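Chain residues, written in single-letter form:
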Amino acid sequence: MVTHDDVMAIARLSKLYIAEDELDEMTKAMDDIIKFADTINNAADEGIEFDNINNLSNSFRTDEVVTSYDREEILKNANDIDEGHFLVRKRV
Amino acid sequence: MAESLIKKYSDMLKNKEITCVELTEKFLTAIDSANKDLNAYVTVTPETAIETAKAVDKKIADGQTLSPLEGIPMTLKDNISTKGIDTTCCSKILEGYKPIYNATVWDVLSAQNAVLLGKTNMDEFAMGSSCETSYFGGAANPHNINHVAGGSSGGVASAVGGNIAVYGLGSDTGGSIRQPASFCGIVGLKPTYGAVSRYGLIAYASSLDQIGPITTTVEDSAIVFDAISSYDKMDSTCTGRVGAPVTDTLKNDIKGMKIGIPREYLEGIRDEVRVCIDKACEVYKSLGAEIVYFDLPALKYALPVYYILACAEASSNLGRYDGIRYGYRTSSYKDVNEMICKTRSEGFGGEVKRRILLGTYVLSAGYYDAYYKKAQNLRGSIVRAFDNAFKHCDVILAPTVPMTAFEKGSAISDPIETYLTDICTVPVNIAGLPGVSVPCGFGENGMPVGMQIIGNKFCESTVLNAAWQYENAVGSEVFKSSEYGIKL
Numbered sequence: 052m053v054t055h056d057d058v059m060a061i062a063r064l065s066k067l068y069i070a071e072d073e074l075d076e077m078t079k080a081m082d083d084i085i086k087f088a089d090t091i092n093n094a095a096d097e098g099i100e101f102d103n104i105n106n107l108s109n110s111f112r113t114d115e116v117v118t119s120y121d122r123e124e125i126l127k128n129a130n131d132i133d134e135g136h137f138l139v140r141k142r143v
Numbered sequence: 303m304a305e306s307l308i309k310k311y312s313d314m315l316k317n318k319e320i321t322c323v324e325l326t327e328k329f330l331t332a333i334d335s336a337n338k339d340l341n342a343y344v345t346v347t348p349e350t351a352i353e354t355a356k357a358v359d360k361k362i363a364d365g366q367t368l369s370p371l372e373g374i375p376m377t378l379k380d381n382i383s384t385k386g387i388d389t390t391c392c393s394k395i396l397e398g399y400k401p402i403y404n405a406t407v408w409d410v411l412s413a414q415n416a417v418l419l420g421k422t423n424m425d426e427f428a429m430g431s432s433c434e435t436s437y438f439g440g441a442a443n444p445h446n447i448n449h450v451a452g453g454s455s456g457g458v459a460s461a462v463g464g465n466i467a468v469y470g471l472g473s474d475t476g477g478s479i480r481q482p483a484s485f486c487g488i489v490g491l492k493p494t495y496g497a498v499s500r501y502g503l504i505a506y507a508s509s510l511d512q513i514g515p516i517t518t519t520v521e522d523s524a525i526v527f528d529a530i531s532s533y534d535k536m537d538s539t540c541t542g543r544v545g546a547p548v549t550d551t552l553k554n555d556i557k558g559m560k561i562g563i564p565r566e567y568l569e570g571i572r573d574e575v576r577v578c579i580d581k582a583c584e585v586y587k588s589l590g591a592e593i594v595y596f597d598l599p600a601l602k603y604a605l606p607v608y609y610i611l612a613c614a615e616a617s618s619n620l621g622r623y624d625g626i627r628y629g630y631r632t633s634s635y636k637d638v639n640e641m642i643c644k645t646r647s648e649g650f651g652g653e654v655k656r657r658i659l660l661g662t663y664v665l666s667a668g669y670y671d672a673y674y675k676k677a678q679n680l681r682g683s684i685v686r687a688f689d690n691a692f693k694h695c696d697v698i699l700a701p702t703v704p705m706t707a708f709e710k711g712s713a714i715s716d717p718i719e720t721y722l723t724d725i726c727t728v729p730v731n732i733a734g735l736p737g738v739s740v741p742c743g744f745g746e747n748g749m750p751v752g753m754q755i756i757g758n759k760f761c762e763s764t765v766l767n768a769a770w771q772y773e774n775a776v777g778s779e780v781f782k783s784s785e786y787g788i789k790l
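Note that the protein sequences, when read in sequence, are chains V and L.
Sequential numbering of the first sequence, starting at 52, is according to my numbering.
Sequential numbering of the second sequence, starting at 303, is according to my numbering.
These aren't lab readings, by the way, just hints derived from the structure by calculation.
Every value quoted in this text rests on a predicted model; they were computed, and no experiment measured them.
Virtual Cβ for every residue (Gly too), placed ideally from N, Cα, C.
If a hint is listed, it holds; no wrong ones were tucked in.
SDA-like cross-link-like pairs, simulated, lysine to any residue; straight-line CA separation at most 20 Å:
#1 L:557 <-> L:758
#2 V:66 <-> L:665
#3 L:636 <-> V:131
#4 V:79 <-> L:716
#5 L:644 <-> V:142
#6 L:400 <-> V:130
#7 L:644 <-> V:138
#8 V:127 <-> L:624
#9 V:66 <-> L:639
#10 L:602 <-> V:97
#11 V:86 <-> L:602
#12 L:675 <-> V:89
#13 L:535 <-> V:113
#14 L:644 <-> V:139
#15 L:318 <-> L:363
#16 L:602 <-> V:98
#17 L:602 <-> V:92
Pulled a few chain L residues facing chain V out of the computed Cβ check, cut under 10 Å:
#18 644
#19 680
#20 735
The task is simple: from the sequences and hints, build the whole structure.
What follows is the structure, encoded as structure tokens:
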């Protein structure tokens, strides 16, 4: 059974705020989904750990130095910048 | 026989029946009119489109040869990065975000002078099955605008089904290409995991996400797949297509082909869908294929396994949205932590928050073994079950969705109900297989029904060959054009 406290604890880990008026609905939805997810615990586990779907192994290549993005380009989408840096100002 | 729209328009350009600028303008005008009803496009890019069209016209005037997709008007789902063009994942948190680089698939297509008409609507961060979680409102079904287009690539499907794009690229994490293609009566291909580069695709669940084409015909699907399925050093999981181009083997005879139907796929589907699947089996038998029914019990757990793994990966992938480097930022906060929490809480919609919370829950101490690890091990069981199935059959046939497109607003209130629409599509993503949805009839309300042809890894040729043979045999019986858009 998922409780309000569980949802608030998970929200903290997820860096999300759940408003008081959202809490009941979110807790119910989470509880329903977790009950649904619980059905996997009825399945027999073959005990074989899963690695990846295509049996991929690391494919190494020569490390090449290439031109990277211009600093100005990277900063274009930022909300606030100062002297070539991302900035978070205090705003209360 | 379903005529390739890409070839048709390409021939018109080559034969100088129409210029590329004229063709592009016709599509842009059609978007202006149809998008009011369909809400398929969230960004339209007329300047880019006309500029490319002029370059194509110049090549034609100079007598140069055109590549298959050159000058063909198309669209991209709004989670595929396009340099300098809004790429929002239909989320408030990415509103106004303009990537500084292109996704590889767009680099490949733009190098061929594909004419980008705009970016199309989707469920927020590809999380949804109806397109209704989009921050910009959902896309409508071109066959009945009171019904959903499906999701999450609902905008691409609505645009292609509504004849306001010749083809489009979507992404498929649990059915997001195949399900809307089925709802809109068109063709949607989810390629093998690793066949097409995902570099520049904004990640939802990286071990499941795959880019693929949404088209009107199977031949068009093959043409687009061939164009985008090459090795990419920017995506470490991408090996590219294996073998010859799919278009070379598309029209091979399928006499003696063994088509398997796992009985689990037929449980709980609506009668109207079952009738269409049974009719498709009869068509395949008439083409000389053999239908084999068998059990695939591992499928029973595919849906909960999918939601546990996809949400776990999403909770990690969406951790990057903090309002610092790009995207929405809240207006007032007292410290960095509050800024990040408020930004995320105001920027993400309800479904995205639910999935982040679920993902964090199944990865947290105390629950990891019971949910995430168990789901990973069951994923292995499902992969092995499919490997074994393909020792006994060449392809698998299944419904794409257990029902036809539902009415807008009818499923969004109940998450589990919505998740159940993915029950037939998620196994393909879990096992990394290729699957194509093709139209196979109509439901009682006249809405399209789709079926999936699923193949072994990197067997897109076999899958599309089987789909083409069906499409060729039934012709226009299972396809109807919507009232919207361009019909030249």
